Amino acid sequence: MAHKKGDLEKEIDGLRRYARLLTRNPVDADDLVQDCLTRALEKWPAIAQVTNLRRYLFSILHNLFIDGTRKTQRRGTVVSIDDAMTVAPMIQAEAQTPNLELCDLRDGLAKLPEPQREVVLLIGLSGFTYDEAAEITKCPVGTVMSRLSRARKTLRTHVAGDIIDIRERKVR
Amino acid sequence: MKRWGHNVTAILPERLLHGYVDVLVSPSKRKAIEHALGRDRDMRETVETWRSQNANLRLLALLEELPPMSLEMQGTVYRLEGRLRRRSSLEFLRVAAVVTLLIVGAAGTAILAQSQLTETGVLAGLADDAAQAHRVFSRQLTWGQAEPVVEQPEQVPAQVPATAQATLEANAPETAEPATSPRGDTQTNIQPEVPEVTVVLPDSARDI
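Sequence order for the protein chains is G and X. Heads up: the first sequence is residues 1 to 172, going by my numbering. Heads up: the second sequence is residues 1001 to 1208, going by my numbering.
Here chain G stands alone, though its shape is the one from the complex (with noise of 0.2 Å):
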């Protein structure tokens, strides 16, 4: 496959805007798609004979967030002060009804299970087919859309002002 100068930068920005929404931390997003890339370099024989660039990235950097995940579950979450008392910029005077319905998505997101939301952000925000959302997070296609209909119910109570089940977090 042929590849184009700027192409990977468009897949990179893909990937920091993904990886901002999963780990819903910018420093953690650009670290993590950092590490993908070295990883990307590392393995270059191995890259060298993908077809589907995007695709290859988007799994790398979900092996490297369920890596983290397990390491952040070990020893627990670390935030700033900074982070702790910024306030979220999306409320706003102006136009406040569609950024409010954001903010609930964005916390709606942020309830959601890590694999539910690894799985909404791969077939809602990327775009990609559940038969390659499968193939990223390396689970069977049901899986895939079970825990994308889970997601999406879920979603859907947040938004619409409803408690968010807490044991829907527990499932994998």
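Because the hints were derived from the structure by calculation, they are not lab data. Certain hints may be false.
[Unchecked claim] Each pair of labels, with its calculated beta carbon distance range:
| no. | chain 1 | residue 1 | chain 2 | residue 2 | range |
| --- | --- | --- | --- | --- | --- |
| 1 | G | 68 | X | 1045 | 37 to 43 Å |
| 2 | G | 46 | X | 1035 | 43 to 49 Å |
| 3 | G | 52 | X | 1112 | 19 to 25 Å |
| 4 | X | 1100 | G | 66 | 44 to 50 Å |
| 5 | X | 1100 | G | 24 | 52 to 58 Å |
| 6 | X | 1013 | G | 157 | 18 to 24 Å |
| 7 | X | 1013 | G | 43 | 35 to 41 Å |
| 8 | G | 26 | X | 1042 | 49 to 55 Å |
Quick caveat: nothing in here was measured; it's all calculated off a predicted structure. Here a beta-carbon is modelled for each residue, glycine too, at the ideal position from N, C-alpha and C.
Dock chain X against the given chain G, drawing on the hints supplied.
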């Protein structure tokens, strides 16, 4: 199978609705789903909600302005892009090599075919010659049907120079011209006419 709402008129698998929202179903299924959606308000609302979720996710990602990449990330991207471009050029070289091989192969095949044709022509010529020779020799060797062999007369130069003619006549052995008898038979033992020679001896020779 799942029902939506109280007045459900159509029953669709939920996965089909998700596929419809994510534009992953075939056009025929899409029409069937749209037909079912037209009859079910609750299902339509569900689909609209999921669609707006997707749109809002994209909007959420776009609204958040990305800061410029760090220098470290830029360096990594630059290195990765360089390797990808090298891979593209390697692929181009591979394609060029394949095309060259194809051209060389085609040319070789053409040359080989031409040489085979020439060889066939030579063989055909040889076969013609052999057939001709067979015809000629078979006539001579066939008993009873042999045709008289026509002897070719000896070729004599048309104009012989006078001196050469004289030399020839002088050196020519005496050959008896065939005489024809009155009956027409050819007589070969006829002596040629010898002219009379008168020898005049001198007087001194008489004394001896």
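A quick look at each hint next to the structure:
Distance hint check: the CB atoms of residue 68 (chain G) and residue 1045 (chain X) are about 38 Å apart, consistent with the given range 37 to 43 Å. Checked against the hint of 43 to 49 Å, the C-beta distance between residue 46 (chain G) and residue 1035 (chain X) comes to roughly 47 Å, which is consistent with it. Range check, residue 52 (chain G) to residue 1112 (chain X): Cβ separation about 43 Å, and the 19 to 25 Å hint is violated. Distance hint for residue 1100 (chain X) and residue 66 (chain G): a CB-CB separation of about 47 Å, consistent with the stated range 44 to 50 Å.
In this structure the supplied range 52 to 58 Å holds for residue 1100 (chain X) paired with residue 24 (chain G), their Cβ-Cβ distance being about 54 Å. Checked against the hint of 18 to 24 Å, the C-beta distance between residue 1013 (chain X) and residue 157 (chain G) comes to roughly 21 Å, which is consistent with it. Between residue 1013 (chain X) and residue 43 (chain G) the beta carbons are some 39 Å apart, a value that agrees with the proposed interval 35 to 41 Å. The beta-carbon spacing between residue 26 (chain G) and residue 1042 (chain X), approximately 39 Å, falls outside the hinted interval of 49 to 55 Å.
Checked against the numbered hints above, the structure violates hints 3 and 8; every other hint is satisfied.
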